[in-house]
Amino acid sequence: MTVLKKAIVTATFSVALAAGAHAEPYRIGVLTDMSGMNYDLSGKGSQVAAEMAVEDFGGKLLGEDVEVIVGDHQNKPDVGSTLARRWIDEQNVIAIAD
50 MTVLKKAIVT ATFSVALAAG AHAEPYRIGV LTDMSGMNYD LSGKGSQVAA
100 EMAVEDFGGK LLGEDVEVIV GDHQNKPDVG STLARRWIDE QNVIAIAD
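Take 50 as the starting number for the sequence shown in this note's numbering and just add one per residue.
These are computed hints drawn from the structure, not numbers from a lab.
Among these hints, one or two may not hold up.
What the hints assert, rightly or not - Derived SDA-like pairs: lysine to any residue, alpha-carbon spacing no greater than 20 Å straight-line:
#1 K93 x I145
#2 K125 x I137
#3 K93 x G120
#4 K93 x D82
#5 K125 x P74
#6 K93 x D138
#7 K109 x Y88
#8 K93 x M83
#9 K109 x N141
#10 K109 x S91
#11 K109 x A146
#12 K93 x K125
#13 K109 x D82
#14 K109 x A98
#15 K93 x I118
#16 K93 x Q123
#17 K125 x E104
#18 K125 x Y88
#19 K125 x N87
#20 K125 x S91
#21 K109 x R76
#22 K93 x A146
#23 K125 x S84
#24 K125 x L110
#25 K125 x G112
This one's a predicted model, so the numbers in the text were calculated from it and none came from an experiment.
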């Protein structure tokens with residue numbers, strides 16, 4: 050298991066335990082460069098790694114579904130922070146990774 054997978058699973062599990070049971074799926078955000086110069090270094094690879102980590106655990110955490118949400122920060126801090134805040138406030142994302 051890669052370091053990214055371990056980090057995502059650990060973060061998700063710890064937050065999920067603190068959050069308790071709920072009806073919505075657990076959402077994990079992958080905020081990465083999907084369109085800029087670092088796309089080849091992370092980009093699609095980060096998305097695939099997160100999806101594989103969720104798949105390795107059967108797509109469930111504590112009996113609830115896990116959903117991966119992907120966003121492009123365009124290598125701009127303001128875009129990334131706005132997207133992260135929106136995910137947390139509106140979509141109840143419990144962990145964000147790159």
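Hint-by-hint comparison with the structure:
At roughly 15 Å between alpha-carbon atoms, K93 and I145 fall within 20 Å of each other, so this suggested pair holds. Proximity of K125 to I137 is assessed by CA-CA distance (about 19 Å); at most 20 Å being required, the pair is judged to hold. A hinted pair counts as satisfied when its Cα atoms are at most 20 Å apart, and K93 with G120 qualifies at roughly 11 Å. At roughly 8 Å between alpha-carbon atoms, K93 and D82 fall within 20 Å of each other, so this suggested pair holds.
Distance check on the hinted pair: K125 and P74 sit about 29 Å apart at the alpha-carbon level, beyond 20 Å; violated. For the hint linking K93 to D138, the alpha-carbon distance of about 25 Å lies beyond 20 Å, and the restraint is violated. Only pairs whose Cα atoms come within 20 Å are accepted, and K109 paired with Y88 is rejected, the gap being roughly 29 Å. This hinted pair checks out: K93 and M83 have alpha carbons roughly 7 Å apart, not beyond 20 Å.
Restraint check for K109 and N141: satisfied, since their Cα atoms lie roughly 16 Å apart, inside the 20 Å limit. Between the alpha carbons of K109 and S91 the distance comes to roughly 25 Å, so the proposed pair goes past 20 Å and is violated. Proximity of K109 to A146 is assessed by CA-CA distance (about 18 Å); at most 20 Å being required, the pair is judged to hold. Of the pairs offered as hints, the one joining K93 and K125 holds, with about 18 Å between alpha carbons and a cut-off of 20 Å not exceeded.
In summary, the hint linking K109 to D82 is not supported, as the alpha carbons are separated by about 27 Å, beyond the 20 Å threshold. Only pairs whose Cα atoms come within 20 Å are accepted, and K109 paired with A98 is accepted, the gap being roughly 16 Å. A threshold of 20 Å between alpha carbons decides the hint, and for K93 with I118 the separation of about 12 Å falls inside it, so the pair holds. Proximity of K93 to Q123 is assessed by CA-CA distance (about 13 Å); at most 20 Å being required, the pair is judged to hold.
Among the hinted pairs, K125 with E104 is inconsistent with the structure: their alpha-carbon atoms are about 30 Å apart, more than 20 Å. Distance restraint check for K125 and Y88: the Cα-Cα separation of roughly 13 Å lies within the 20 Å cut-off, and the hinted pair is therefore satisfied. Taking the CA atoms of K125 and N87, the gap is near 12 Å; set against the 20 Å cutoff, the hint holds. Taken as a hint, the K125 and S91 pair is honoured in the structure, with Cα atoms around 15 Å apart against an allowance of 20 Å.
Only pairs whose Cα atoms come within 20 Å are accepted, and K109 paired with R76 is accepted, the gap being roughly 11 Å. Only pairs whose Cα atoms come within 20 Å are accepted, and K93 paired with A146 is accepted, the gap being roughly 13 Å. Only pairs whose Cα atoms come within 20 Å are accepted, and K125 paired with S84 is accepted, the gap being roughly 11 Å. Our distance criterion of 20 Å between C-alpha atoms is broken by K125 and L110, whose separation comes to about 32 Å.
Only pairs whose Cα atoms come within 20 Å are accepted, and K125 paired with G112 is rejected, the gap being roughly 36 Å.
Checked against the numbered hints given earlier, the structure breaks hints 5, 6, 7, 10, 13, 17, 24 and 25 and satisfies all the rest.
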